[in-house]
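Undergrad: The chain contents come next:
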Amino acid sequence: MKDDYDKINFLCGIEIHQELSGKKLFCSCSADLKEEKKDLEIKREIRSSVGESGEADVASLYEQKKNLKFVYYGYEDEHCLIECDEQPPDPINQDALKTALEIATILKLKIPDELIVMRKVISDGSVVSGFQRSLLVGLGNEESFIDTSQGRVRIKDIYLEEDAAKIIKKERDNVYFSLSRAGIPLIEIGTQPDIKTPEQAKEVASYLGMLLRSVPGIRRGIGTIRQDVNMSILNGARIELKGFQDLRNMPYVIENEIKRQLEMMNQGNKIKEEVRKVNADCSTSFLRPMPGASRLYPETDIPNIKIDKELLNGIKKTELIDEKIVRIGKQYNLNNEIARVLVKENKLELFEELHKQFGMPELIARTILLTVKDLKNRLGLPSDKLTKKDFEEIFNYVKKGMLDKGLVSKALEDRLQGKFSLAKYKVVDEKELEFFIKNLVKEKGNLSDGALMGIIMQEYKGMVDGKRVMEILKKIRGT
Amino acid sequence: MQAKEGDLVEVSTDNEVLKGRLIPGPDKTRIVLKLGSGYNISLDRKKIKKIKLIKKYQEKENAFPFIKTKKGLKTVTILHTGGTLASEVSYETGGVIPRYTPEELLGKFPEIADIVNVKSRLIRNMWSEDINFKHYNLLAKEIVKELRKVDGVIITHGTDTIGYTAAALSFILEGLEKPVLIVGAQRSSDRGSSDAAFNLTCAAKFIAESDFGEVAICMHESMSDDNCLIMPACKTRKLHSSRRDAFKVVNGKAFARVSKEKITFLRKNYGRIGKNHINIKLFKDVKVGILKAHPNMKVDEVRFYRNFDGLVLDGYGLAGNFPINKIDNFTLENEKIYAELKKLSKKMPLVATTQTIFGRVNMNVYSTGRKMQDIGILGNYSDMLTETAFIKLAWLLSNFKKEDVRSLIGENLRGEISKRITSEFLE
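Chains as they are written, first to last, in our numbering: chain H, 1 to 479; chain D, 1 to 427.
Where hints are given, some of them may not hold.
Stated by the list, open to error - Here chain H is said to cover these stretches of chain D; the calculated rule only asks that three of the stretch's residues, wherever they fall, bring their Cβ under 8 Å from a Cβ of chain H:
#	segment
1	20–34
2	192–206
3	214–226
4	356–362
As the list claims (entries may be wrong) - Heads up, simulated DSBU-like pairs for lysine-lysine below, C-alpha to C-alpha not over 35 Å straight-line:
#	chain 1	residue 1	chain 2	residue 2
5	H	K376	H	K324
6	H	K69	D	K253
7	H	K196	D	K253
The set of hints was computed from the structure by calculation and includes no laboratory data. Think of the CB as a built atom: it goes at the ideal place given N, C-alpha and C, for glycine as much as any other residue.
With the hints as extra help, turn the sequences into a complete structure.
TA: Rendered as structure tokens:
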């Protein structure tokens with residue numbers, strides 16, 4: 001497999017864009033993206049502007065030729081004069097900066113002692129000012145890499161930038177945008193072109209996704225993380241693939257793009273550097289020419305941001321999700337799957353609090369994960385409404401020996417139905433139970449274990465632990 | 001050879017080697033490199049061990065369009081007073097390269113060449129806050145000179161003091177019967193969303209396609225890039241620190257609305273193109289001030305103006321009130337302020353205006369206003385902007401006798417005082 005990609009000199013790197021939560025990067029507007037009440041509509045033109053190098057950017061000129069008018073909708077709490085480019089930016093959002101610095105620290109990038117906010121020229125209307133503010137937060141070095149099953153992939157750099165406005169619709173020469181997403185802090189992580197196979201691209205993307213989800217201050221939900229793939233093959237050109245809907249499809253999309261390029265070359269066509277959009281059927285289509293390198297110049301409205309030791313020392317290094325799963329598996333003697341679900345479903349905190357009071361890791365984990373789901377799926381009960389207090393009460397009875405641990409599910413079920421009464425679950429005296437079973441075996445010894453179990457469970461109305469009953473039964477019968 | 005700004009270099013520190021273009025840093029303690037990614041990185045000069053030159057910077061020749069005069073189009077001279085209307089960001093200086101020649105200007109705003117033939121000249125390169133009366137005179141003389149040859153003048157101007165300059169030019173250029181439009185940009189022209197191009201285009205179109213012949217300000221009407229307003233020189237004020245529609249007409253109406261497609265006049269009374277026999281009346285270096293009333297005012301503030309030639313009193317509310325009444329033991333200072341104003345008023349014209357910005361001054365309604373009239377404070381019935389009153393007072397003092405100044409200040413000379421105030425208000 002890998003050899004096939006080596007043969008065509010497959011080169012690939014990825015870029016991950018992750019939105020942060022809270023406030024926007026350079027103003028105090030909400031980053032909640034609710035878009036509830038529209039309260040602004042403005043119409044603008046954007047001219048291509050000339051970058052530092054004196055050459056207008058190819059991508060910008062391309063957009064200018066299209067002679068478009070841009071209409072921006074603003075929604076309550078989610079825009080101010082800053083998104084409208086009618087006021088200079090506020091100082092940088094410190095929470096977002098700290099999140100970016102933390103990610104750079106986790107990936108062991110070199111963080112400059114002074115950060116420079118740049119303007120990245122964007123003329124397609126998605127940024128009102130005509131440029132996106134962006135700052136380099138960390139540069140990769142020999143220590144910055146991730147190890148995958150197919151080898152090491154180096155991290156190139158990390159940026160903190162403003163998200164662009166979201167396009168709503170196009171009507172003839174008018175393009176409509178919502179300002180709600182404009183200015184939301186965005187982390188960009190880029191890798192070196194060390195990825196050797198399409199499958200490895202997916203592995204890297206998943207790992208970085210996991211890493212980002214581990215850190216506080218990350219926005220969650222559909223569209224909050226976006227992956228771009230940069231790739232090329234022998235005799236081809238650099239192609240950027242944008243808009244992956246589902247990470248699982250990433251290898252197929254890359255495969256398809258390789259095939260497309262090979263076919264084009266077979267027909268004697270030259271591959272041009274361009275940005276391509278990923279379609280729902282895993283094919284790709286032309287989006288725009290590749291933007292050039294001359295599209296950045298300094299944001300003169302924001303002084304450089306000093307990063308001192310004190311700030312860096314104050315950055316907490318959050319435990320990664322993967323690390324956490326391994327740690328709690330070991331710490332509480334839970335199997336990997338249960339540990340993973342505890343972390344994934346955000347139940348770790350509840351678990352740890354309950355465990356601290358009552359011990360019983362296995363029972364607590366199973367109850368808050370599996371029993372809760374079972375009550376909902378099987379009986380349609382609103383088990384997601386169960387609070388920490390509910391669990392505490394039930395486990396307290398178990399701990400005190402007032403409730404058999406086999407009856408936790410039943411107790412929760414009754415509680416949700418308003419039928420909870422501790423008397424019902426009175427722990428059956430072990431001796432009394434043995435006496436009852438002994439007599440039963442004497443009377444109906446000809447029946448099978450299963451049939452006897454049925455009679456016993458009916459007698460005790462499910463108030464005894466089935467496993468325990470079977471043990472006693474087997475002991476008495478000597479089987 | 002030592003590396004210079006713009007050169008491609010390799011910089012080594014203890015733990016890294018970075019390749020990039022040398023960019024001017026904020027100060028001598030830092031070195032800034034533009035990396036291959038286009039991002040700048042700032043490095044502590046002390047930590048740098050070596051800078052290796054890789055490639056010298058070669059300045060690119062800018063190809064500007066060849067300009068051909070088009071028959072049938074009016075000709076406009078654009079006079080620049082500085083600011084960033086046509087500037088570009090540069091490597092060499094790291095800052096802004098001004099662009100003022102017609103070629104440079106049309107390279108940036110090519111659409112203007114279809115509207116008017118353009119001449120373009122830099123008068124001064126300065127921030128608008130540094131402009132003084134001498135600059136008004138210089139600018140006025142240049143305008144007079146240009147208007148002998150061309151159909152109109154556009155002045156590019158920093159927005160902070162556009163209102164003052166517009167008023168000053170309209171007073172100086174007595175008899176003007178050609179268009180003189182002042183434009184600015186609230187958002188710098190190095191950004192794609194700058195309002196510079198639209199304001200400039202609208203001004204050119206208005207000159208090209210109308211019979212308007214006086215001084216006016218041409219700026220955005222709203223936050224959208226769809227219309228500019230042509231606003232009266234003496235009645236327009238900057239009312240917002242950053243928005244592109246910061247300029248509003250106070251106690252009056254704009255002359256016209258201009259879009260890329262059309263011109264709509266909003267008023268019938270405006271100066272039209274005529275013979276343009278200008279009787280130029282320049283400023284002298286007179287000493288005029290503006291004193292703003294505020295709570296807990298001290299007589300020293302008033303006394304400060306003893307050696308001035310005139311003073312605008314920017315007071316409160318309806319009468320442009322000043323704290324001049326002794327009410328109790330706490331207000332003894334007010335008595336002194338009144339006495340000092342009385343002294344000043346004997347020496348120089350004092351003109352009351354109102355901090356409310358909108359509305360007319362009426363000093364008859366309350367006793368404070370009547371007391372101010374008693375000591376000869378002027379400005380009753382006037383609806384002049386404070387800034388316009390200041391310019392007018394200085395100009396009158398430069399050109400007329402003291403007695404005449406006192407009577408002319410209340411007379412409408414350039415549309416600075418309106419007879420009627422209609423219901424438009426912050427709309």
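Undergrad: Is the hinted pair H/K69 and D/K253 satisfied, with a Cα-Cα distance of at most 35 Å?
TA: Since the Cα atoms of H/K69 and D/K253 sit roughly 29 Å apart, the hinted pair holds (cutoff 35 Å).
Undergrad: Between H/K196 and D/K253, does the CA-CA distance stay at or below 35 Å?
TA: violated (68 Å)
Undergrad: Cut-off 8 Å, C-beta pairs, minimum 3 residues; does the coverage of the segment 356–362 of chain D by chain H stand?
TA: Violated, because only 0 residues of the segment 356–362 of chain D bring their Cβ atoms closer than 8 Å to Cβ atoms of chain H.
Undergrad: Do at least three Cβ atoms from the segment 214–226 of chain D come closer than 8 Å to Cβ atoms of chain H?
TA: Holds, because 5 residues of the segment 214–226 of chain D bring their Cβ atoms closer than 8 Å to Cβ atoms of chain H.
Undergrad: Verify the coverage statement for the segment 192–206 of chain D against chain H, using a C-beta to C-beta distance below 8 Å and requiring 3 or more qualifying residues.
TA: That given contact holds, which follows from 5 residues of the segment 192–206 of chain D lying within Cβ reach (below 8 Å) of chain H.
Undergrad: Counting residues of the segment 20–34 of chain D with a beta carbon closer than 8 Å to any beta carbon of chain H, are there 3 or more?
TA: holds (count 5)
Undergrad: Below or equal to 35 Å on CA atoms is what counts here, so check H/K376 against H/K324.
TA: holds (28 Å)
The structure fails hints 4, 7 (numbered hints given earlier, in ascending order).
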